[in-house]
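Below are the chains, spelled out letter by letter.
2 protein chains.
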Amino acid sequence: MTINTKDAKPYHHGNLKHALLTAARRLLETEGHSDLSLRKCANAVGVSATAPQNHFANKAALLTALATQGYAELATYMRQGIDEHADRGTRRKAALLGYVGFAQDNPALYELMFARDRVASNDPELMRHVGECFVILADISKAFGNFEGEINKVEAKQQMFVWSLVHGYAQLLTANRFKKSDMLEMNILDIIPDLRG
Amino acid sequence: MTINTKDAKPYHHGNLKHALLTAARRLLETEGHSDLSLRKCANAVGVSATAPQNHFANKAALLTALATQGYAELATYMRQGIDEHADRGTRRKAALLGYVGFAQDNPALYELMFARDRVASNDPELMRHVGECFVILADISKAFGNFEGEINKVEAKQQMFVWSLVHGYAQLLTANRFKKSDMLEMNILDIIPDLRG
DNA sequence: TCGTCATATGTACACTGTAAACTTTTTCTT
DNA sequence: AAGAAAAAGTTTACAGTGTACATATGACGA
Chain A
1 MTINTKDAKP
11 YHHGNLKHAL
21 LTAARRLLET
31 EGHSDLSLRK
41 CANAVGVSAT
51 APQNHFANKA
61 ALLTALATQG
71 YAELATYMRQ
81 GIDEHADRGT
91 RRKAALLGYV
101 GFAQDNPALY
111 ELMFARDRVA
121 SNDPELMRHV
131 GECFVILADI
141 SKAFGNFEGE
151 INKVEAKQQM
161 FVWSLVHGYA
171 QLLTANRFKK
181 SDMLEMNILD
191 IIPDLRG
Chain B
1 MTINTKDAKP
11 YHHGNLKHAL
21 LTAARRLLET
31 EGHSDLSLRK
41 CANAVGVSAT
51 APQNHFANKA
61 ALLTALATQG
71 YAELATYMRQ
81 GIDEHADRGT
91 RRKAALLGYV
101 GFAQDNPALY
111 ELMFARDRVA
121 SNDPELMRHV
131 GECFVILADI
141 SKAFGNFEGE
151 INKVEAKQQM
161 FVWSLVHGYA
171 QLLTANRFKK
181 SDMLEMNILD
191 IIPDLRG
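Chains as they are written, first to last, in our numbering: chain A, 1 to 197; chain B, 1 to 197.
A hint or two may mislead.
A pair counts as met if it fits within one copy or between any two copies, since identical chains are not told apart.
Stated by the list, open to error - Derived PhoX-like pairs (lysine-lysine); straight-line CA-CA distance at most 20 Å:
#, residue 1, residue 2
1, Lys179, Lys153
2, Lys153, Lys180
3, Lys142, Lys179
In case anyone wonders, no lab produced these hints; they're calculated from the structure. Quick caveat: nothing in here was measured; it's all calculated off a predicted structure.
Just need the whole structure built from these sequences, with the hints factored in.
In structure tokens:
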């Protein structure tokens with residue numbers, strides 16, 4: 001029973017699921033992955049410790065939702081780079097810069113997106129967005145490198161080559177595995193040899 | 001006071017640190033990263049729950065030690081490939097196959113080795129072995145790709161290119177991000193375009 | 001023989017994920 | 001409009017976890 005209708009906190013949050021996800025995401029990037037807990041998320045949103053259970057079956061479900069969000073945004077980052085340009089070569093470069101930019105903007109989330117253990121990799125919604133990224137990568141990978149063989153195999157190789165390269169670069173960059181002196185004024189485009197296409 | 005000297009368990013383990021590391025490594029690959037706990041390691045070795053504290057300041061220290069072991073073995077995998085052959089091109093290929101082979105043999109450990117959060121990346125022993133891998137990669141990266149610029153920059157680019165490519169491939173492979181149909185009878189060498197050198 | 005020190009144990013505590021029972025609010029049916 | 005059903009909160013409970021701290025044990029040199 002609510003007396004003061006002005007500033008009384010409602011029993012039902014309204015959009016707790018979304019609020020938990022944004023809180024989780026902030027905690028993930030600020031506190032780090034190992035300090036992220038459901039209870040902290042609940043606390044940040046101002047709700048009881050077990051309220052998240054109504055929206056996420058378990059912690060893995062929340063992490064999976066976070067990862068799914070990540071893939072969706074990664075696609076957006078790439079598409080934005082693509083949409084800004086007209087010709088194939090420039091679009092490709094923009095998409096690659098967008099990919100790495102996403103990883104740099106969300107390093108902890110990016111790591112989570114490729115964690116074998118913490119996310120449920122059989123989640124259909126997750127895999128849908130993974131596939132979305134894959135399609136974009138497939139598109140910008142066409143006519144990349146001088147691979148040989150039948151067309152299907154060549155396209156698969158081009159795609160795997162580009163994704164391996166950009167993913168490896170993004171992760172080694174955000175994990176600080178490159179020498180700092182080497183990184184001066186360098187980006188992903190600098191480490192791609194001038195291939196035909 | 002030990003009465004039965006035959007099968008009485010000694011109070012001091014003897015080499016608990018080493019035993020904990022091997023137990024941790026087994027648990028890491030079998031149970032998965034998120035189910036690895038110090039207490040389980042202690043239990044697996046048959047020692048009290050807090051005994052590990054005498055050998056590892058905290059859990060991060062144990063994980064860091066695991067990652068350090070990982071880099072040392074990764075270097076061994078690559079060197080083995082290198083030592084088996086004479087000419088530069090074949091050695092390079094063997095080293096790359098060795099790199100990916102290590103990741104496939106130890107997927108959970110490999111992921112840990114690039115985790116931003118769980119390992120203390122300022123550990124000197126860890127970084128020594130990271131550097132060891134970097135040197136090997138630098139060696140096999142020479143004369144790779146048609147990069148341009150001054151020699152130092154070119155070598156840095158070659159190195160970053162090769163490491164990005166092989167790391168990205170290894171992780172995407174072990175994280176099941178490639179289409180299975182594309183992976184049929186394919187390996188890291190198939191996705192490297194035929195560059196000069 | 002006796003301290004000293006490394007190495008083990010036991011206890012304690014705050015924090016975590018999750019299950020279960022309960023309460024409050026909304027929504028749907030009639 | 002009323003009441004049942006469902007949705008979305010709360011509280012309580014419990015087994016595990018990392019870690020701090022006090023204590024016990026044994027190895028070993030002085």
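| said: Of all the hints numbered above, which does this structure not satisfy? Sort the numbers upward. | reply: none
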